[in-house]
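There are 2 protein chains.
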Amino acid sequence: MANKEEAKGLAALRRQIDQLDDQLLELLNRRATLAMEVAQVKQAAGENGTFWRPEREAEVLQRVMARNPGPLDSETVAWLFRELMSACLALERPLTVAYLGPAGTFTQMAATKHFGQGARLTPVSSIPEVFRTVQAGQADFGVVPVENSTEGSVNLTLDHLLDYPLKVCGEVQLRVVHNLVSAGVPLADMQRIYVHYQTRAQCRHWLAEHAPRVQLVEVASNAEAALRAREDAAGGAISTAAAAELYGLRILAAGIEDDAENTTRFLVIGDLDVQPTGRDKTSLVLSSHNRPGSLHELLRPLAAAGISMTRIESRPARRGLWQYVFFLDLEGHAKDPAVAAALAELQEKATFYKLLGTYPKAVI
Amino acid sequence: MANKEEAKGLAALRRQIDQLDDQLLELLNRRATLAMEVAQVKQAAGENGTFWRPEREAEVLQRVMARNPGPLDSETVAWLFRELMSACLALERPLTVAYLGPAGTFTQMAATKHFGQGARLTPVSSIPEVFRTVQAGQADFGVVPVENSTEGSVNLTLDHLLDYPLKVCGEVQLRVVHNLVSAGVPLADMQRIYVHYQTRAQCRHWLAEHAPRVQLVEVASNAEAALRAREDAAGGAISTAAAAELYGLRILAAGIEDDAENTTRFLVIGDLDVQPTGRDKTSLVLSSHNRPGSLHELLRPLAAAGISMTRIESRPARRGLWQYVFFLDLEGHAKDPAVAAALAELQEKATFYKLLGTYPKAVI
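So the protein sequences, as listed, match chains Y and E.
So the first sequence is numbered by the working numbering: it starts at 1 and just counts up by one.
So the second sequence is numbered by the working numbering: it starts at 1 and just counts up by one.
Because the hints were derived from the structure by calculation, they are not lab data.
Certain hints may be false.
In this list, chains with the same sequence are indistinguishable; a pair is considered to hold if it fits within one copy or across any two.
[Said to hold, decoys possible] Calculated pairs, BS3-like style, for lysine-lysine (alpha carbon to alpha carbon, straight line, at most 27 Å):
#1 Lys335 x Lys8
#2 Lys4 x Lys335
#3 Lys113 x Lys167
#4 Lys349 x Lys335
#5 Lys113 x Lys4
#6 Lys361 x Lys335
#7 Lys113 x Lys8
Let's have the full structure, built from the sequences with the hints guiding it.
This is the structure:
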């Protein structure tokens with residue numbers, strides 16, 4: 001303590017903080033009590049199973065972010081409320097969540113980001129097993145990558161969404177940062193760089209500029225790239241910080257991806273209908289007659305209603321009748337009148353139509 | 001929604017929750033503002049470097065746990081406040097913390113448990129490097145295992161505490177749960193179980209009862225046990241859930257350790273004197289003349305003052321003069337009058353004496 005004045009000032013501030021903490025403590029517990037009352041009302045009304053309402057949680061988060069006066073930033077505030085809601089929920093019964101393991105992966109980070117520390121996360125070994133686990137009721141929800149630009153497991157998720165009666169209940173976005181890593185060898189002495197082919201494409205400019213003469217060895221995943229670099233004294237890897245940490249590698253250059261806004265997207269799947277929040281997305285899959293211009297024609301109702309498509313992806317159909325199916329993501333909830341009308345039109349026109357889910361946009 | 005009554009009840013509860021959230025939002029930000037004022041007072045008084053005061057943080061946590069009315073349990077409350085303080089601190093400057101990596105280990109869990117999500121954690125590859133990194137000022141604090149009953153890296157920590165001028169600023173306790181895991185093979189068909197020798201000792205009763213005829217293969221760590229089991233279709237391992245998750249193994253039996261209160265202890269090291277909180281510990285190392293009964297005689301002042309020793313461990317001295325050094329942990333702070341008097345006596349009697357640190361007990 002530098003002097004008396006300082007000590008006095010600090011003591012006064014700390015008394016204020018202590019008083020604030022008492023109030024916080026009371027409010028946090030009152031909030032938990034109210035959450036328990038919500039659960040009791042639902043139980044009394046015969047609702048069984050999970051008390052988690054993704055739309056309500058998204059609303060709460062959107063609300064506190066919008067109203068946050070600072071100085072805490074809105075992401076931090078949303079994160080604290082997420083954890084508080086997760087803890088409140090765990091007082092009733094912790095949510096069980098199956099995710100594509102192993103632990104330490106992006107999917108685990110996504111699951112934790114979405115469900116908080118109060119949930120019980122279980123890694124399972126494959127995307128099909130995530131679906132099976134949730135379908136069998138062994139987990140309340142599942143988390144799977146869907147636009148995983150780096151691990152290449154998207155198609156399995158799409159195929160299973162098509163096959164399973166489960167619904168998409170939410171999405172999670174994670175920023176992806178690529179790094180040049182090695183067990184010790186500096187870039188100047190590097191003879192090989194292990195890299196996943198999609199990652200390679202995402203770091204093309206950096207590689208051309210900084211490692212034009214280094215051999216690029218393609219591997220199946222970013223985790224494998226890190227693993228190979230660990231075993232090769234003259235080799236580096238492009239990998240995520242998580243994988244580098246996992247395998248004890250040094251980060252030689254961080255954030256070397258060409259597009260700094262590179263994100264990976266995950267879906268939350270479960271057996272739950274999610275109500276509108278005002279900031280929603282809808283995912284569906286459909287097929288049309290196999291003739292020129294048919295897709296364009298099929299999508300006309302969306303364009304006419306001014307509904308944004310945030311994503312479209314075609315996949316070869318695996319059975320009969322049509323050659324391709326199209327996975328679409330739209331802005332808006334399937335119960336929003338404009339969306340509902342457009343979807344009804346789409347459904348009429350399409351030879352195949354399945355609503356995969358309608359759910360809140362990722363809040364943080 | 002089952003009926004109108006339920007809907008009305010829920011809507012009312014949710015309005016109450018929204019109002020509470022507004023109050024929480026305001027209080028959280030007022031707390032952050034006060035924390036920034038604390039930092040300004042310190043800065044004005046010429047205090048540089050870290051604004052983190054472990055004794056103050058421990059007091060806050062002890063306080064909210066003691067006053068917590070529920071229904072949230074005290075650990076959850078302490079955890080939320082830990083995260084809030086971590087976020088407040090990060091508004092000034094995030095703490096940087098070096099820990100014994102790789103990521104996904106107990107030490108990372110311990111670092112996160114102690115410093116919260118607002119801190120910047122960096123894995124380094126060895127215990128010596130944690131000390132070097134903190135000593136060089138490249139990290140504010142370091143986290144190292146000290147009584148790691150399962151990974152066997154304790155001695156290095158003790159030796160470096162002896163050699164470095166850094167102080168022990170805190171401790172973290174983590175419960176250790178052992179599990180029988182495998183890549184798929186059930187216990188009935190298991191031919192081998194990979195196990196760390198200390199883990200084996202901790203699971204002796206369970207192994208004798210459930211796997212009396214399975215070969216036990218000793219390996220160097222729990223992580224290696226998991227790794228070997230992954231590669232051996234007829235092999236299982238005893239390992240932590242974290243390692244099982246990391247390597248995508250199934251947990252066949254959880255919590256098979258003989259002592260359910262088995263914990264691992266970590267120390268926080270840094271260049272910081274920590275003030276008393278009322279629930280403290282003191283770590284020191286000393287040596288006595290090498291003659292029979294000398295240790296007993298040396299420790300008399302502690303016994304006389306009624307000070308509990310929570311741990312004593314002898315280590316061969318690595319240089320001159322004496323043969324053994326003794327690492328002691330005591331209850332109480334070095335500035336508590338009774339402790340201070342006993343330590344002064346100890347110091348006089350001992351041929352070597354070094355106060356390693358005096359710091360708050362682990363709160364959660």
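For each hint, the structure was consulted:
1. Lys335 x Lys8: Only across copies: Lys335 and Lys8 sit 21 Å apart there, 59 Å inside one copy, limit 27 Å.
2. Lys4 x Lys335: between (64 Å within a copy, 20 Å between copies)
3. Lys113 x Lys167: Answer is within: at 20 Å inside a copy they meet the 27 Å cutoff, but 35 Å across does not.
4. Lys349 x Lys335: Answer is within: at 19 Å inside a copy they meet the 27 Å cutoff, but 81 Å across does not.
5. Lys113 x Lys4: Neither. Shortest intra-copy (44 Å) and inter-copy (34 Å) distances fail the 27 Å Cα cut-off.
6. Lys361 x Lys335: within (15 Å within a copy, 54 Å between copies)
7. Lys113 x Lys8: Answer is neither: 40 Å inside a copy and 31 Å across each miss the 27 Å cutoff.
In summary, the structure is inconsistent with hints 5, 7 from the numbered list given earlier, while agreeing with the others.
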